[in-house]
Amino acid sequence: MIAIALTVNGKPVAAEVEPRRLLVDFLRDELGLTGTHIGCDTSQCGACVVHMDGVSVKSCSLLAVQADGSQVTTIEGLASDGDLHPMQAAFREHHGLQCGFCTPGMVMSAIDLAARVPEPSPADVREWLSGNFCRCTGYHNIVQAVMAGARAMSTDG
Amino acid sequence: MHPFDYIQPGSVAEAVGLMRDTADARFLAGGMTLIPVMKQRLAAPSLLIDLARLAELRAISAKGGTLTIGALARHAAVAESPVVQARIPALASLAAGIGDAQVRNRGTIGGSLANNDPVADYPAAMLALGARIRTDRRCIDADAFFTGMFATALEPDEMIIQVEVPVPEAAAYQKFEQPASHYAVAGVMVAKAADGVRVAVTGAGSGVFRMPAMEAALADDFTPAAITGIAVPADGLNADLHASAEYRAHLVTVLAGRAVAAAMGRS
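Residue numbers (the working numbering), protein chains in the order written: chain A, 1 to 157; chain B, 1 to 267.
To be clear, the hints were calculated from the coordinates, so they are not data collected in a lab.
One or more of the hints may lead you astray.
Unchecked claim - Simulated coverage check for chain B against chain A, where a stretch passes if three residues somewhere in it have a Cβ under 8 Å from a Cβ of chain A:
hint: 1; segment: 29-35
hint: 2; segment: 41-53
hint: 3; segment: 94-104
Where a beta carbon is used, it is the ideal one built from N, C-alpha and C, also for glycine.
Kindly produce the complete structure, drawing on both the sequences and the hints.
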């Protein structure tokens with residue numbers, strides 16, 4: 001077992017983990033943060049995307065020990081005082097989800113895009129989301145939501 | 001995953017020493033290949049030597065006509081680096097097309113080169129640009145580095161420190177990608193330098209390879225027309241559910257022509 005200490009959604013977390021413990025399992029099973037989903041478990045579908053030190057990563061392809069000392073943000077960490085994050089609000093406004101399974105990963109990935117490209121084009125969004133699968137195939141509204149969310153994020157400063 | 005031990009060494013010397021002294025140890029860089037492979041139990045190292053603390057190996061710099069990229073530079077960092085974009089824009093755009101955004105946020109150039117996946121992008125760039133791969137103990141020319149499918153000239157305990165890339169007069173990379181994985185069904189990097197033209201192909205064969213006939217033709221006439229008539233033998237090329245060997249052979253000539261056109265546009 002290896003001792004790790006990290007910050008998850010702004011709160012300090014300390015734990016002892018097996019080296020083979022995946023970050024996604026640590027978040028879900030030990031911290032109860034089940035908003036981060038396991039879809040394919042082969043690093044293709046993007047349902048498990050979280051932020052580590054401000055950039056999006058697939059938590060099914062990272063070990064919990066690799067997150068030692070880092071700042072992790074999950075979908076549960078986005079809203080503040082009951083107010084949805086602008087990207088979450090945009091997904092609701094534009095109906096950027098059907099079953100919702102892929103949505104946490106979509107939102108976390110989209111926020112990383114918006115941080116790099118404040119006004120992404122539809123092509124930018126589709127290219128960026130190539131690592132996030134929606135098996136309801138609701139991509140059209142997802143793209144609209146990401147563009148609106150990115151605009152809202154840049155407006156909010 | 002099978003159980004394993006894990007350590008984050010604080011220096012290159014410590015990392016190499018651990019590798020030398022431990023049976024079945026593996027270096028862990030971005031982990032975008034190694035961890036999925038371990039999850040499938042296709043690899044079961046006894047020890048993972050995580051290089052995450054070797055922050056000095058993430059640096060990207062340029063001096064004279066050489067671009068130097070640390071082994072642990074992530075694909076996203078190479079893609080977004082103003083230093084790379086200014087000197088070898090083709091390399092920045094190649095990095096921007098590797099995998100998906102999350103892979104680019106973790107995967108490293110050193111990890112990609114050490115893995116030498118026959119469908120990876122970076123090996124084609126290093127071979128076409130005539131890069132030198134500097135390790136903890138020596139410097140290896142790209143021509144001698146890639147030795148076959150998932151095989152390199154690296155010794156078992158040898159670690160890549162950085163790559164040193166001569167800045168070309170013009171270069172471009174074109175790939176026909178498998179849409180789900182973004183791996184190259186075939187990819188061609190063309191680089192024109194003072195001492196000649198180099199053409200390197202990935203995805204099509206068992207490992208990255210050069211096209212001497214195209215290089216000779218392009219040295220005389222750096223235009224797409226110079227190589228449209230140069231057919232690539234299908235013998236020995238990859239054939240799978242994505243493409244037949246004959247199709248890949250066809251793609252190499254088409255992509256090489258497009259790469260030359262793109263390189264001309266940039267020069």
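How the hints compare with the structure:
1. 29-35: holds (count 3)
2. 41-53: With 3 residues in contact (Cβ-Cβ under 8 Å with chain A), the coverage given for the segment 41-53 of chain B holds.
3. 94-104: Held - the segment 94-104 of chain B has 5 residues with a Cβ nearer than 8 Å to chain A, which meets the minimum of three.
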